[in-house]
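Novice: Listed here are the chains, written in short residue letters.
There are 2 protein chains.
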Amino acid sequence: MKIGICGVGTVGASLISLIKKNQDEIGRKLEDEIVIHQVALRRENPQCDLTGINITNDIYEVAKNPNIDVLVELIGGTEDAKDLVLLAVKNKKHVVTANKALIAMHGSEIFSAARQMGVCVLFEAAVAGGIPIIKSIREGLVGNIISRIAGILNGTSNFILSEMASKKQPRAFDEVLKEAQKKGYAEADPSFDVNGIDAAHKIVILAMIGFGIKVQFEAVQIEGISEICLEDISLIDEFGFSLKPLAVAFRISDGISLRVYPAMIEKEKVFSKVDGVTNAVLVEGCSVGETLYVGPGAGGDATASSVISDLVHLSRGTNIPNEGFFDLNEAPTIEDSSIDTASYVRLDVKNITGVMASIASVLKKNGIGIESIIQREVSETIARIAIITSIVNEKVLDESLRQLDELLAVISAPTKIRIFKS
Amino acid sequence: MKIGICGVGTVGASLISLIKKNQDEIGRKLEDEIVIHQVALRRENPQCDLTGINITNDIYEVAKNPNIDVLVELIGGTEDAKDLVLLAVKNKKHVVTANKALIAMHGSEIFSAARQMGVCVLFEAAVAGGIPIIKSIREGLVGNIISRIAGILNGTSNFILSEMASKKQPRAFDEVLKEAQKKGYAEADPSFDVNGIDAAHKIVILAMIGFGIKVQFEAVQIEGISEICLEDISLIDEFGFSLKPLAVAFRISDGISLRVYPAMIEKEKVFSKVDGVTNAVLVEGCSVGETLYVGPGAGGDATASSVISDLVHLSRGTNIPNEGFFDLNEAPTIEDSSIDTASYVRLDVKNITGVMASIASVLKKNGIGIESIIQREVSETIARIAIITSIVNEKVLDESLRQLDELLAVISAPTKIRIFKS
Chain R
0 MKIGICGVGT VGASLISLIK KNQDEIGRKL EDEIVIHQVA LRRENPQCDL TGINITNDIY
60 EVAKNPNIDV LVELIGGTED AKDLVLLAVK NKKHVVTANK ALIAMHGSEI FSAARQMGVC
120 VLFEAAVAGG IPIIKSIREG LVGNIISRIA GILNGTSNFI LSEMASKKQP RAFDEVLKEA
180 QKKGYAEADP SFDVNGIDAA HKIVILAMIG FGIKVQFEAV QIEGISEICL EDISLIDEFG
240 FSLKPLAVAF RISDGISLRV YPAMIEKEKV FSKVDGVTNA VLVEGCSVGE TLYVGPGAGG
300 DATASSVISD LVHLSRGTNI PNEGFFDLNE APTIEDSSID TASYVRLDVK NITGVMASIA
360 SVLKKNGIGI ESIIQREVSE TIARIAIITS IVNEKVLDES LRQLDELLAV ISAPTKIRIF
420 KS
Chain V
0 MKIGICGVGT VGASLISLIK KNQDEIGRKL EDEIVIHQVA LRRENPQCDL TGINITNDIY
60 EVAKNPNIDV LVELIGGTED AKDLVLLAVK NKKHVVTANK ALIAMHGSEI FSAARQMGVC
120 VLFEAAVAGG IPIIKSIREG LVGNIISRIA GILNGTSNFI LSEMASKKQP RAFDEVLKEA
180 QKKGYAEADP SFDVNGIDAA HKIVILAMIG FGIKVQFEAV QIEGISEICL EDISLIDEFG
240 FSLKPLAVAF RISDGISLRV YPAMIEKEKV FSKVDGVTNA VLVEGCSVGE TLYVGPGAGG
300 DATASSVISD LVHLSRGTNI PNEGFFDLNE APTIEDSSID TASYVRLDVK NITGVMASIA
360 SVLKKNGIGI ESIIQREVSE TIARIAIITS IVNEKVLDES LRQLDELLAV ISAPTKIRIF
420 KS
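Those protein sequences? They're chains R and V, same order as listed. Heads up: the first sequence at position 157 corresponds to 156 in numbering that gives the first Met the number 0, and the numbers run straight through without jumps. Heads up: the second sequence at position 298 corresponds to 297 in numbering that gives the first Met the number 0, and the numbers run straight through without jumps.
Any given hint could be a false lead.
Since the list can't tell identical chains apart, any single copy or any two copies may satisfy a pair.
[As the list claims (entries may be wrong)] Here are the simulated lysine-lysine pairs, DSSO-like style, with alpha carbons at most 30 angstroms apart: (1) Lys19 to Lys213; (2) Lys266 to Lys363; (3) Lys89 to Lys268; (4) Lys20 to Lys213; (5) Lys167 to Lys1; (6) Lys63 to Lys363; (7) Lys364 to Lys415; (8) Lys394 to Lys177; (9) Lys89 to Lys167; (10) Lys181 to Lys420; (11) Lys182 to Lys420; (12) Lys20 to Lys420; (13) Lys1 to Lys268.
Because the hints were derived from the structure by calculation, they are not lab data. In this text, all values refer to a predicted model and were calculated from it rather than measured experimentally.
When you get a sec, could you build the whole thing from the sequences and use the hints?
Specialist: What follows is the structure in structure tokens.
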């Protein structure tokens, strides 16, 4: 099988070196060979030995090269990448890509073109780096009706929340972000990571394959982690939870909910222990129940591992596994307001007699139970009250928070963080 | 695709009901149908609706039925199952089995027969129930040279060790075992589970696909968990570890080590948090690094989920994925004595002056460092000393333990528990 690689950054360099290094191992498993026939790059990568490989500066040359069976798209971005992939498909080449934004934004168009041409577009590397989560959902759990997928899909955010919660040395968001940038875990512009866009791209892809729905990036409700403060982290810990940057897709009746938000998970759960830059995906199926997949979500070698998995899949001549997924339903996305959840609510209040009674009264009036409560003195005049609510409709809770905010004793807008139940 | 199912116990009943229930979902993904053409059973299972299905009492009839494409072997045991599977293969049928003992004991013979006939024998359900671990290693991580596989593969043992370590109500081995039997987590004869045989069957299978070696059950060094006592559990916890029933396969130089033993894992590791009957498999690959797979290791529905995954795999007409694995090397298994590991050592000693000095002297003489130590008074005359050793050769450690046992002050044979580093 002859492949052409477009883009030789971190992942491309790892891919080329791994294919060379593991040629024997892959050959043993495959009874075939993966040959790098051409590489397109804008500038040379000194980490990468391209001896003996045909090099071009024109990515589109690879897409048109009649000797190439599979184009590996590693240029990133969405516009050029889309043109490139569509051109390759038009030229009857299979495509393997690590580009989550591309699939999340233009997946439907690309898959439909691929179907017409009878080729396959694979994207294991686009979600959760080296974890074979696409294959697990699409093939390993194929007998299940998937009810929920929840992922820690952004390593930068998970690193930041983990470090903020460090027992040894808790630090505020800004400080940890700077450290993450220094360590290379966060980009110079970290907004896609900490604002949840990156995780949203990924959950849209997982929802597509898990539920058989069209990619619908615009439907994701996105909340980032930049508003999280150390006070909340500490109270969340005291309540027995960890805070994780989650991306969650689930099915209720005929709708699908797609959301990205920081969520609390009970500390006893394995899922809550996934710290640092590590990724994890929890998949719930009707017959298997809960399964969890944990591993490196980024890094050249880990991502290249997933690219190779797709290449081998194609080389084995497997019937196109997305076949059944091209006829994706337009599942409606459901309103946030129709979701029930337990939440953490934090209020800073004047330290005066009767304030707890007024808060409790507002909650009671709205039918919201108090599962657990912590009160701390912030100063002589200010108290901090943190509450774990019963499971309630989010719209009802949000309306109650508005009412609480109007109480004279409440001195800052209430903070709400949802609890993820597994 | 027409299938015949032999054996309608828990898994068989789940499988039949799932195929019926999820017909539409499977059809959507597959653009084909899985039709249950015949079922062979010894006695009727009242949980199972077999209306409209051809029933026989003769399993071999299914293996010879010319209308059947795939035989699903769910009768268990090794002798009849082996005859059945070989007969099906001889009749050019693919086989899907959940039978770990069959694959662990007779895998080489079966795979070689399958290769000759050009059919495929799949066994996702044989290891770790609903976790798609076979597919993940064989396909998802195909680009990796696998260096280590470690699994919590026996739910009964994991349940017992988890309950023994329960903070609320620690209980001794025998008591928890009785509870496990009452809950249906352990068989009336639990020896295969608690003695490590079951886990050994499974690690042999994972090693076969991970390392491309022949199944070699007789090479597994097996230690069960029945000797673990509450004193050790408590000290292990104090040292900051959890105790897990592990099955470990790893590669050093040209050899493979295959072992089953209770092992300590640092509490910060996600792997250490997998409690109860849940299974988990840690896979280390050269490019992906560490990935972890967690889920239900048993149960009808979870196991049936894996059987369906294999059926869909066959139905998609995938090139036989074991192809490359039939030419399995005879990798030599290495001697335990060539393995280096840190360990926990517990000694009950006479509470007399100088005893610690004699112990330390024996260890020092053998080049064994003391990383951490806890001393507890058991009675006025007896002290308990627990030590975490440096990483040392196991043979050296075992010899040191023999020397310690000879000290006059040491009143019972030293206990050794290995630490699993990840």
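Novice: Each hint: holds or not?
Specialist: Evaluation of the provided hints:
With identical chains, the CA atoms of Lys19 and Lys213 are at most 30 angstroms apart between copies only, with a shortest distance of 26 angstroms across copies and 37 angstroms within one. For the identical chains of this complex, Lys266 and Lys363 are intra-copy neighbours only, at 28 angstroms inside a copy versus 40 angstroms across copies, given an alpha-carbon limit of 30 angstroms. For the homomeric pair Lys89 and Lys268, neither the shortest alpha-carbon distance inside one copy (47 angstroms) nor that between copies (47 angstroms) is at most 30 angstroms. When the C-alpha separation of Lys20 and Lys213 is checked against a cutoff of 30 angstroms, the pair qualifies only between copies, where the shortest distance is 24 angstroms, while the shortest distance within a copy is 38 angstroms.
With identical chains, the CA atoms of Lys167 and Lys1 are never at most 30 angstroms apart, being 51 angstroms at best within one copy and 60 angstroms at best between copies. Taking CA atoms no more than 30 angstroms apart as the test, Lys63 paired with Lys363 passes in neither setting, with 67 angstroms inside one copy and 69 angstroms between copies. Taking the shortest alpha-carbon separations for Lys364 and Lys415, only the intra-copy value of 19 angstroms comes in at or below 30 angstroms, while the best inter-copy value is 60 angstroms. In this assembly of identical chains, Lys394 and Lys177 lie within 30 angstroms of each other by CA distance neither inside one copy nor across copies; the values are 36 angstroms within and 48 angstroms between.
With identical chains, the CA atoms of Lys89 and Lys167 are never at most 30 angstroms apart, being 56 angstroms at best within one copy and 63 angstroms at best between copies. Taking the closest pair of Cα atoms, Lys181 and Lys420 come within 30 angstroms of each other only across two copies (28 angstroms); inside a single copy the shortest separation is 34 angstroms, beyond that limit. For the homomeric pair Lys182 and Lys420, the shortest alpha-carbon distance between copies (25 angstroms) is at most 30 angstroms, but the shortest distance inside one copy (32 angstroms) is not. Taking the shortest alpha-carbon separations for Lys20 and Lys420, only the inter-copy value of 26 angstroms comes in at or below 30 angstroms, while the best intra-copy value is 43 angstroms.
For a Cα distance limit of 30 angstroms, the shortest separation of Lys1 from Lys268 qualifies neither inside one copy, at 45 angstroms, nor across copies, at 41 angstroms.
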